[in-house]
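Line order of the protein sequences matches chains A and B.
The numbering used here applies: residue 1 is where the first sequence begins, and numbers increase by one.
The numbering used here applies: residue 193 is where the second sequence begins, and numbers increase by one.
Source of the hints: derived by calculation from the structure; they are not laboratory data.
Any given hint could turn out to be false.
Said to hold, decoys possible - Here are the simulated DSS-like cross-link-like pairs (lysine-lysine), alpha carbons at most 30 angstroms apart as the crow flies:
1) 196(B) - 128(A)
2) 69(A) - 262(B)
3) 69(A) - 280(B)
4) 9(A) - 225(B)
5) 253(B) - 232(B)
6) 263(B) - 280(B)
7) 253(B) - 9(A)
8) 13(A) - 225(B)
9) 69(A) - 263(B)
10) 69(A) - 54(A)
11) 54(A) - 225(B)
12) 249(B) - 69(A)
13) 232(B) - 5(A)
14) 290(B) - 69(A)
15) 9(A) - 290(B)
16) 280(B) - 9(A)
17) 196(B) - 261(B)
18) 225(B) - 249(B)
19) 225(B) - 5(A)
20) 232(B) - 261(B)
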Amino acid sequence: MKIIKRIQKPLLKLMSVPNEENLSSQSQLSSHFFLDLLDSIIVDVASECHRIAKLGLDANLEEEDEELKLSAQARVRMADPGNSNETNGKYVVDIFGQTHPSVANEIFECMNCSRSIMAGKFAPHLEKCMGKGRKARLKVTRSSSGAQNRNSRGSSVSTYSNHSSNNSSVNRLTNGNPSFAGEEHSNGASQP
Amino acid sequence: MKPKSSVNRPPTPDVVENLPEREPTFQELINIKFIETGEKERLMELLRERLVDCGWKDEMKALCRAFVKKKGRDNVTVDELVHVITPKGRASVPDSVKAELLQRIRTFLVSAAL
Numbered sequence: 001m002k003i004i005k006r007i008q009k010p011l012l013k014l015m016s017v018p019n020e021e022n023l024s025s026q027s028q029l030s031s032h033f034f035l036d037l038l039d040s041i042i043v044d045v046a047s048e049c050h051r052i053a054k055l056g057l058d059a060n061l062e063e064e065d066e067e068l069k070l071s072a073q074a075r076v077r078m079a080d081p082g083n084s085n086e087t088n089g090k091y092v093v094d095i096f097g098q099t100h101p102s103v104a105n106e107i108f109e110c111m112n113c114s115r116s117i118m119a120g121k122f123a124p125h126l127e128k129c130m131g132k133g134r135k136a137r138l139k140v141t142r143s144s145s146g147a148q149n150r151n152s153r154g155s156s157v158s159t160y161s162n163h164s165s166n167n168s169s170v171n172r173l174t175n176g177n178p179s180f181a182g183e184e185h186s187n188g189a190s191q192p
Numbered sequence: 193m194k195p196k197s198s199v200n201r202p203p204t205p206d207v208v209e210n211l212p213e214r215e216p217t218f219q220e221l222i223n224i225k226f227i228e229t230g231e232k233e234r235l236m237e238l239l240r241e242r243l244v245d246c247g248w249k250d251e252m253k254a255l256c257r258a259f260v261k262k263k264g265r266d267n268v269t270v271d272e273l274v275h276v277i278t279p280k281g282r283a284s285v286p287d288s289v290k291a292e293l294l295q296r297i298r299t300f301l302v303s304a305a306l
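For reference, chain A alone in the conformation it holds in the complex:
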């Protein structure tokens, strides 16, 4: 309350009487506050940059600039009609001028069977290794108990079947391969 009283009269005079002196003082006062705000923000920005520099968080910035340059170059190369964008014989040239073999040739370990597999051949390997193929089913059934096998082969009662008809015939319908019938139920998986 006290503060309001002390500034109100002079401030009112300053802001309401638009003579030259007042206008000049007004603009000086406004500028003062504006610069005050700006200086605070400048200190904040400097502090932020200081922190980033000291913590080494700007380590990737030069990489980013490099990437920007490379992509700009690549874009130029794409626009140039002189380059062949089609398959160059066996190899395709990409926008960075690199070629890649048609089958990915990095080798790593399959997490299911622990064999060394080539990346480009991984999908077909997984099919065999994890389940779709005949050999995979045989692998699994051989490891489960014999009793389980005898029960599920050709049995008319099955958790996955809604009707009591012979499962072999049902399976024949769904996948057309009678040899799969028994094996499918032996490990409980249903094939669409």
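Since chain A is already given, all that's left is putting chain B on it; use the hints.
Quick look at chain B alone, frame taken from chain A:
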């Protein structure tokens, strides 16, 4: 923990020294009102937002990065960075942004007078 020499913090004023002898100036009183009403905080956020939108902050950050690169990461202090960007910083505020803020400040001064 030893305080970092690159960050210069002004010493905390002693309570004993703060004797109310000097009359606060007109400007100081207005500043108090400015802060008390929350207007200073609001205008600071407004200015910050405008300066980000127009790319001013990015310009300042680029200046700082260039300076850090030149001088070396370990030799840079906050004060130095402030000195590096202040002249360009003050000069490169877009006129529209400055005008908007000055108008808001004037409005505040008028309202404080009433």
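Here is how each hint holds up against the structure:
1. 196(B) - 128(A): Distance of about 62 angstroms is beyond 30 angstroms: violated.
2. 69(A) - 262(B): holds (22 angstroms)
3. 69(A) - 280(B): Holds, at roughly 27 angstroms.
4. 9(A) - 225(B): Between residue 9(A) and residue 225(B) the Cα gap is close to 14 angstroms, so the pair holds against 30 angstroms.
5. 253(B) - 232(B): holds (24 angstroms)
6. 263(B) - 280(B): Holds - the C-alpha atoms of residue 280(B) and residue 263(B) are around 19 angstroms apart, at most 30 angstroms.
7. 253(B) - 9(A): violated (44 angstroms)
8. 13(A) - 225(B): Since the Cα atoms of residue 13(A) and residue 225(B) sit roughly 17 angstroms apart, the hinted pair holds (cutoff 30 angstroms).
9. 69(A) - 263(B): holds (25 angstroms)
10. 69(A) - 54(A): Roughly 27 angstroms between the alpha carbons, so the hint for residue 69(A) and residue 54(A) holds.
11. 54(A) - 225(B): violated (37 angstroms)
12. 249(B) - 69(A): holds (23 angstroms)
13. 232(B) - 5(A): holds (20 angstroms)
14. 290(B) - 69(A): Roughly 35 angstroms separates the two Cα atoms, so the pair is violated.
15. 9(A) - 290(B): holds (28 angstroms)
16. 280(B) - 9(A): Roughly 38 angstroms separates the two Cα atoms, so the pair is violated.
17. 196(B) - 261(B): holds (20 angstroms)
18. 225(B) - 249(B): holds (28 angstroms)
19. 225(B) - 5(A): holds (11 angstroms)
20. 232(B) - 261(B): violated (35 angstroms)
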